[in-house]
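Colleague: Spelled out, the chains give:
2 protein chains.
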Amino acid sequence: MFELSAYIKKQNQQINVALEKILHDSQLSEPITEAMKYSLMADGKRIRPVLCLAAAEAVGGKLQDVLPAACALEMIHTYSLIHDDLPAMDNDDLRRGKPTCHVAFDEATAILAGDALLTLAFQVLSSVQYTDENHSSNWLKVIQIISTAAGYQGMIRGQMLDMASEGRHLTVDELKSMHALKTGALIEASLLCGALLVNARKSQMEILKTYAGKIGLAFQVTDDILNVEGNPKVMGKAVGTDKLREKNTYPAILGLEASRQFAENLVNDALQTLEVFDKKADPLRALATYIIERKR
Amino acid sequence: MFELSAYIKKQNQQINVALEKILHDSQLSEPITEAMKYSLMADGKRIRPVLCLAAAEAVGGKLQDVLPAACALEMIHTYSLIHDDLPAMDNDDLRRGKPTCHVAFDEATAILAGDALLTLAFQVLSSVQYTDENHSSNWLKVIQIISTAAGYQGMIRGQMLDMASEGRHLTVDELKSMHALKTGALIEASLLCGALLVNARKSQMEILKTYAGKIGLAFQVTDDILNVEGNPKVMGKAVGTDKLREKNTYPAILGLEASRQFAENLVNDALQTLEVFDKKADPLRALATYIIERKR
Chain A
1 MFELSAYIKK QNQQINVALE KILHDSQLSE PITEAMKYSL MADGKRIRPV
51 LCLAAAEAVG GKLQDVLPAA CALEMIHTYS LIHDDLPAMD NDDLRRGKPT
101 CHVAFDEATA ILAGDALLTL AFQVLSSVQY TDENHSSNWL KVIQIISTAA
151 GYQGMIRGQM LDMASEGRHL TVDELKSMHA LKTGALIEAS LLCGALLVNA
201 RKSQMEILKT YAGKIGLAFQ VTDDILNVEG NPKVMGKAVG TDKLREKNTY
251 PAILGLEASR QFAENLVNDA LQTLEVFDKK ADPLRALATY IIERKR
Chain B
1 MFELSAYIKK QNQQINVALE KILHDSQLSE PITEAMKYSL MADGKRIRPV
51 LCLAAAEAVG GKLQDVLPAA CALEMIHTYS LIHDDLPAMD NDDLRRGKPT
101 CHVAFDEATA ILAGDALLTL AFQVLSSVQY TDENHSSNWL KVIQIISTAA
151 GYQGMIRGQM LDMASEGRHL TVDELKSMHA LKTGALIEAS LLCGALLVNA
201 RKSQMEILKT YAGKIGLAFQ VTDDILNVEG NPKVMGKAVG TDKLREKNTY
251 PAILGLEASR QFAENLVNDA LQTLEVFDKK ADPLRALATY IIERKR
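Chains as they are written, first to last, in this note's numbering: chain A, 1 to 296; chain B, 1 to 296.
Just to be clear, a hint being listed does not mean it is correct.
What the hints assert, rightly or not - Derived lysine-lysine pairs resembling DSS-like cross-links, with alpha carbons at most 27 Å apart:
#1 B:9 to A:141
#2 A:141 to B:247
#3 B:9 to A:62
#4 A:279 to A:209
#5 A:141 to A:237
#6 A:21 to B:62
#7 A:37 to B:141
#8 A:237 to A:98
#9 A:141 to B:98
#10 A:141 to A:202
#11 B:237 to B:10
#12 B:37 to A:141
#13 A:21 to A:45
#14 B:98 to B:37
#15 B:209 to B:9
Stated by the list, open to error - Facing chain B, according to a computed beta carbon distance under 8 Å, are these residues of chain A, among others:
#16 83
#17 92
#18 99
#19 104
#20 108
#21 111
#22 115
#23 126
#24 143
#25 150
#26 152
#27 157
#28 159
#29 259
#30 261
Claimed, not checked - Covered stretches of chain A (in silico footprint by chain B; criterion: 3 or more residues with CB under 8 Å from a CB of chain B, positions within the stretch not fixed):
#31 29-43
#32 118-125
Calculated directly from the structure, the hints in this document are not laboratory data.
Quantities reported herein were computed from a predicted structural model and do not represent experimental measurements.
We treat Cβ as the ideally placed atom computed from N, Cα and C, and that holds for glycine.
Next comes chain A alone, as it looks inside the complex:
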């Protein structure tokens, strides 16, 4: 039996050590680095970096080979949270159990800390000590995958669509397309980069892409459910906010019970796509289930 909570704890520890190390040499007494560290080292779930490491593992690669990519993904995710929380966007006060970055510091510092984490992600990805030339083109490909997923054709487009749809009714299909961009794109990038950096075969990449689509959507459906019935203390952020903002969510469109069933079906599909992988993919299997069973 695979012990997921021990696995996540161990991976999170390694990710946190790596993130700390990246920020270590910086001028930590300056407000910009304090703000970056404040948000980055807060108690996040680290889903994207853990998925990145687990994808590498499933293909038979080593953690060391992909750790910089895992760190960069968490930086990009954190930057997107800082900017999404700003008064001009979702205007949220609480994140990862703490005041949001613009509340703890100020708006200008929060904007710049987000910018700085996004930029640092690419600095990390381009500063890897690669040994052979094949390696350098792999990292270039990783930068391409991540920047495309995070950019105006991916995550940023999803955030724009999300804001534009507040107070307007979406169909389930429209909701799916929006989330495929807003959260799905970076989750897919996390899995593909992990696999690519340990030289996965094309067929393995295709399977991981399908898996990513399923769990990315299940992740969002579960987020929506947790916004209805989650415990804000456990989640580290406010609940009930989607309803207040008239956001389009799965529970609002399908109802809670049907949303739960939908998420479960997606995870079953995800598990099925992994059938051709051996037990090295057990972390990915356990993570798929975790994604809908989590309480935060």
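Fit chain B to the given chain A structure using the hints.
Modeller: This is chain B only, laid out in the frame that chain A set:
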């Protein structure tokens, strides 16, 4: 006699065509791409990309080899303007002769358009069709140089220091260090990347770095002078704003005449560092003079 204005016009044209092409395939009817295009294709001076191209030329390289880097530099510069203009930062209404991005669209769109341009810069840098493997490691190095210059150790740190120093008196040395980060770092990166991509020798890179330091500072001194005595119609943005905000500027500390002399000395130093280059560096020479003689 080198014809600078014709040269700048020609280079700007090529840069604009390349930028247009990058944005061409996107969903231009969406607000995010409209906002990106609005700010990016506004009538900017294109100093950074022109310096990048001129550095490549000085070393004997071709424009085609560095054009993606030139475009990425302009995207990063434009993102920094969009974010600096936000209400939480400098709260400026006019830029490049038009309403600023958050005025023309809204604050959320402006934040995301800035994020998207920063991200797109790295997408462009990592999507170059390189032919041999040496090439791919060159582009990785360019990403490292640009992300370091633009990040929390460079441009962003400079912006933080700039905001923190409003209303507080700086010495000339403190002002120099601040500007070396805020504008100097990306100008230096522009020159180094242009040279690196056409395989400049280490000694040539060193010279260009010195040149960059001189003209970067001269650029900022001139910006400060123009903020005092420039014509807002020609400049496309408000003047007199530094005084209103009690910003530390060279004219405020040294006086106008001494500032002009200081900028002139810096340009003379810059020209002297170029002495070992042949006439292929004439654009760089002319650009040094242009930087202090410009009216916008």
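Colleague: Against which earlier hints does the structure fall short, listed by number upward?
Modeller: 1, 2, 3, 5, 6, 9, 17, 18, 19, 29, 30
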